[in-house]
Every structure is written in C-alpha cells, then in structure tokens.
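Asks: Sequence:
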Amino acid sequence: MAKLAANVRSIKDMTATLYHAPLTCSLAARIAAAEGNVPLNIEYLNLRTKELENGGSLYDVNPLGQVSTLKLDNNEIITETSTTILWLQSQSKDPNFHISPSSPEFYQMARWVAFCATELHKQIFRVVFYPEATDEVKDRVRDLAPLRFEVLNKHLSDKPYLLGDHFTAADAYLTWFFVLSKNAQLDPSTYEHLVAYQERTLNRPLIRELIESDRAKDKAMNQQIIPE
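The numbers in my numbering rise by one with no breaks, and the one at position 25 of the sequence shown is 25.
It should be emphasised that the hints constitute simulated quantities derived from the structure, not laboratory data.
Be a bit skeptical, because a hint or two may be false.
Simulated pairs of lysine to aspartate or glutamate, DMTMM-like, Cα-Cα distance not exceeding 20 Å [unchecked claim]:
| id | residue 1 | residue 2 |
| --- | --- | --- |
| 1 | K154 | E119 |
| 2 | K138 | E105 |
| 3 | K219 | E43 |
| 4 | K122 | D165 |
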C-alpha cells in the first residue's frame, strides 16, 4: 500500500498527469507506472460523460475525448495507451522494468505492446464493448480470440512474462486485457500457459490493489465499465 500511495502524489510533485477513467485502458498506464515506480498524478474522469472529477472535460485536453491521455510537466500531451506506457517505462529507474531503446529487447517489448493495442484492444474489445454493435457482430469478433490466445499461450510456454523473467510495460497492457476479458465473454481457460500468466499478473500486489481501487471508483462515479 505504501509503495502505491507514493506513486500518486500532489500535482506539483509530478512529472506527468494521467487522465484516467477507472478500469478502462488507462489502467494499463497506471499499472505500468506502479510496477515501474514512476510517480504519476491521477486526474479521474467518467469516460461516459467525459467529465473530469475536478472540473472540466476530457475534450479540453484531448479533442478525441479518449484515454489514455498523459500530460507532461511541460504541458505536452501524449495520447494512445501504447505510447503512454512506453513513455512511462522510459521514465522508470528500475533496471528490471526500464528497457533502453538501443537494446534488442526494446523492440520485442514494442512488438507485444503493439500486439495488445491492435490484436486485442482495438480488434476485439473496441467492438465487443461498443453498445451499438449487434450481438452477431460481437460474436464474430469474439471468434478472433482463439488464434490470438494460441499465439500468446505458445509464447508464454517457457517464460513467466512476455519478455522473460521480469514484468514489463507490455505485460501492463496484457494484464489490463485480462481485467476485462471475462466481461467481454472471452474464455482463455483452455490455454494452460495463458491461464498461469493471468493468475500470476492479476495477483501481483500492486496490480491487485489498483484493480480493487478502480472497481470501487468505477462504482462511485457511476461509470459502470463493469455492470453489476
């Protein structure tokens, strides 16, 4: 708890502010910051209304009204979850979390971040959680999941995390996917190594604490990303 509390301080002490809608993809950025021990100010918002908890609108910061949105201390804006978590990992001083762009491992990390962004997040979640999509369309999109699960399952057959022994920014993104996969009616239970990975990441203390915090905040804000 103390480590997580230290990760969220007053805005004047921060290098960046994350505009965060509980349980949405910006949770991946929070996970990356927590696991990389990167200080981060959190500006909560309701993604359904775009209203910021402290006043104003997400549209004032990001014209698309989407998360993840990160404001740096020089007021520059970074958008897109993939870019946001890569920036956060670049700020980490943890040698097991930070990966230099000059290393071969960086491109493997970027590969899996892109996989999560394109093959899982946009390809599947974006449609399954889209209220206007018909049940038929959602089922067709869910049919894309097994092949992607097979790719992940095979890759994780000889390693605990996507890049090996240590949790990285890519794992932060994939972990968020599994926070909501059950609600998307996606079942990885037949993929042994993927199930083990899911249990391993979701039970990391900082991640478990963040999920519990976000669930409570989601309910308190009446955002209901996960309906009761």
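Asks: Please name the hints from earlier in the document that this structure breaks, with their numbers sorted from lowest to highest.
Replies: Failing hints, ascending: 2, 4.
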